[in-house]
Amino acid sequence: MNIVALCIILLLMFFLKSSLPASLANPLQSSSLALGFIMLFAFLAGKNINRLKLPQITGFILAGILGGPFLLKLLSVAEVKNLQLLDGLALSLIALTAGGEMEIARLRKNVKGIMSIVIFQTVVIVSGFVAFGFVGRSFFPLFRDKSSVEILSIALLFGTLATATSPSTTIAIITETKAKGKYTNLILSSAVVKDFLVIILFAFALSFSRSFLSPEEAFNINFLKDILLEVGMSLVMGLAVGAGIIFYLKYIKREVTIFILSIAFFTYQISQTIGLHSLLVCLLAGFLVKNFSLYGEKFILAIERSSLPVYVVFFAISGASIDLNALEKSWWLALIFVVWRGGLKFLGTFAGGKIAREDSLVNRQSWAGFISQAGVALGMAIIIENTFPVWGGEFKALILAVIGLNQIVGPVLLQKFLLKTGETGQKVV
Amino acid sequence: MKSFFAFGLLILIAFFGSLFIFKRKKILNPWNYILLSGFIYIFFGILLGKHVLSVLSLQVLRGLHPLVGFALGWIGFVFGFQLEIKYLRRFPQKFISLSASQFLIVFLVITSGLAVILKLMFPTQPQFLLCGLAISWGLLGSLNSPSLLNLASSSIASKGNYFYLARFLTSISGFWSLSGLALIFSFWHFPFFLHNVLVMGLIIIFSMIIFSFLLGYVFHLLTKRRVGEQDLFVFLLSFVFFAAGASLYFNLPPLFVGMLLGLIFTNLTRAQERIYPLLFASEKPIYIIFLILIGALWDLNFDYRIALLTGLLFVLKLAAFSLSLRPLKATLNFPFKLPARFGFCFLSPGGIAVALAVNIKIIYDMPLTDVFISVALLFIVISELLSPWLLRESLLKIDREK
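Chains as they are written, first to last, in our numbering: chain A, 1 to 429; chain B, 1 to 402.
Be careful, since some hints might not be right.
If the Cβ cut is set under 8 Å, some of the chain A residues that face chain B in the computed set are [what the hints assert, rightly or not]: (1) A5; (2) L16; (3) Q29; (4) L35; (5) F37; (6) L40; (7) L85; (8) R305; (9) P309; (10) V312.
These are calculated hints, taken from the structure and not from any lab test. No residue lacks a Cβ here, since even glycine has one placed at the ideal position from N, Cα and C.
Start from the sequences and build out the full structure, keeping to the hints where you can.
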């Protein structure tokens, strides 16, 4: 029935849009229609794709791509931009969930494996991309006719971006598959830790590249001070938010879902306004509630009750935002990068796992959990485009194509890995 | 970003508000009622709006537009969902005839009364427009809500026929008003049709019905087999969003399309018991957010014309509801007496009246729209303030006299 419903909704939307083209409609009113359509269409697509044993969020993303401004054009670029209003809420909820899923006892057990995998992945991927840049300098347009310093800079930045994994996609898949256990914790914790490492690494790589490419700009270590301040302040705010949630769950207890939604909104907004890391704030808040109160389960349950519609729109819009024009232009190059990145992820995870004496499932297969990419990498690509106008545009287009491919393949691979671990279906929601 | 912040603020207020809205504490005290029924949030909206704090500026309100559309669709859906035919069939046929006739009389009295005054007040405005305005107020005036009766039920010792009749009539009056709203939006469609108004109006009204029926049926088919609570919630949200979005896209009323969707779905599905908790859990915050947005949207313009029109609307409503009962009893051969005082318990217009007014405001972007919304909101607030007192004067006294 879902497939018939999907077709009916698609036909209805075609009919509505063809009766009154979006250019003639009030843009505000067309946003309302876009939101209704994408929520329904993506959710049905998720349900249908689930039957093929693929994760629902792949369905949400594909629905976004299909209905978005590049294929069926049922959503315009402006509508997609208007709907990105929900991204902040989704990211906060995802980070709160991530924190709430981390247990100190499990982290303690896994800390060696997590750190080892994160460090090895980072080292292998960054050096792998530097090598790629030099070896492939005559084949790939991005590296062609560039000096060695330029190639080193571009490859360093590429390597940094390639290290990133999307915690939001990871959380969404874990929530969907109801996975819980050692392997799930390892994947989730590594993705979160890596997110911070990548931010710091990116600041280093950017500063290095600037000083390499413009000798008048000396390497400036001040960014480290800024990062430390940002992280410190974020931790303080995370503590405050976490304490506030515990207080509420202990003494007030009513309308918990709306309370969590308000907290997610405000935490994101305040963090953005004063330049804090909203992901870290929410993550720590969730972590506190889980590990330092008796209300961890209630808290997660309240989030999961309200988060599905937000996730549907968030992932569908992230799909609709994938620039298919960029993908069309450089899909073959993007494909090579994706395969190369996947290979390096495998090598890094294997080496890290071996050193930490993890079992063979971690060593040989957990790389599949680190493929998805989204917001952080995209944000960094935009910074690079603005900082290096000569080749930044070309770099961003390639990164967009790579992110697009990784975001389609990543959730599927992560789900397959979680199914292999046997940890799926453990949580009762 | 400002819209995002404002949305967060709305949710926070809605959250604190929902902790104490709709409590049954001394509800027959007018001040308590205005606080506990949620109408106080209109004033919050005014405070946050462009006239005072400007948190909800026009730019922000534009960003929150999908939210207003959704809230209208949701209110319509919740109302329509309660119109189960098997439940309505339990009431005598005469109750439904009384409801329809009462609506028709009140509507005609208010519309014709205001149409005359409007023509005198705005002689330069086109007749077509003034007529639409009078009809809109007519629909608003004939609308009443059962919220006050439900909240006050504990204060009414013996709940006899009058109480149940009043509750039935107030519960169903929205159906007539919202159907009238659909007619307005079809025949006075904005931007106005220059030719074939009748044919185009009919096409629009049938399109709305077919669209809602199709969506309601698909919704039913998707939820026919047992689905999880989260999935049901997403289906509910997305169908209402889609229906509301589609109607707004064509300048049609999400309130009516939402009502039809709810009505069709509720009469097809067997999942009512699973859906009611979902609707009620989200009802309070959505209602509060909606009232705040309305307050912020309100362009506070007062002049003698607005005061006069509001007063007239109030008096016409009271008179039409009270004086129509005796002739209606005689015409319909109604089984028990309908004293004129009984008409006083139909004054509270409730949240659905606010929704109706806003639905008109967000579509009709014209100079007289501000006059319309000012009169409508003032009328609603005054009616809500006076309705607990009038309820005491009607049901409680009729009870004592019996």
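Now for the hints, and whether the structure bears them out:
Hint status for A5 (chain A): holds, given a least beta-carbon distance of 5 Å to chain B, under 8 Å. About 6 Å separates the beta-carbon of L16 (chain A) from the nearest beta-carbon of chain B, less than 8 Å, and the hint is met. This hint holds: Q29 (chain A) has a C-beta 4 Å from the nearest C-beta of chain B, less than the 8 Å allowed. Taking 8 Å as the C-beta contact cut-off toward chain B, the hint placing L35 (chain A) at the interface holds, the least distance being around 5 Å.
Given hint, F37 (chain A) at the interface with chain B, holds; its Cβ is 6 Å from that chain's nearest Cβ, closer than 8 Å. The interface hint given for L40 (chain A) holds, since its Cβ lies 4 Å from the closest Cβ of chain B, which is under the 8 Å cut-off. At a threshold of 8 Å, the smallest CB-CB gap from L85 (chain A) to chain B is about 6 Å, leaving the interface hint in force. The beta carbon of R305 (chain A) is positioned within 8 Å of a beta carbon in chain B (closest approach about 7 Å), and the interface hint is therefore held.
Because the beta carbon of P309 (chain A) sits about 5 Å from the nearest beta carbon in chain B, less than 8 Å, this interface hint is met. Checking V312 (chain A) against chain B by beta carbon gives a least distance of about 6 Å; that is within 8 Å, so the hint holds.
In terms of the numbered hints stated before, the structure departs from none.
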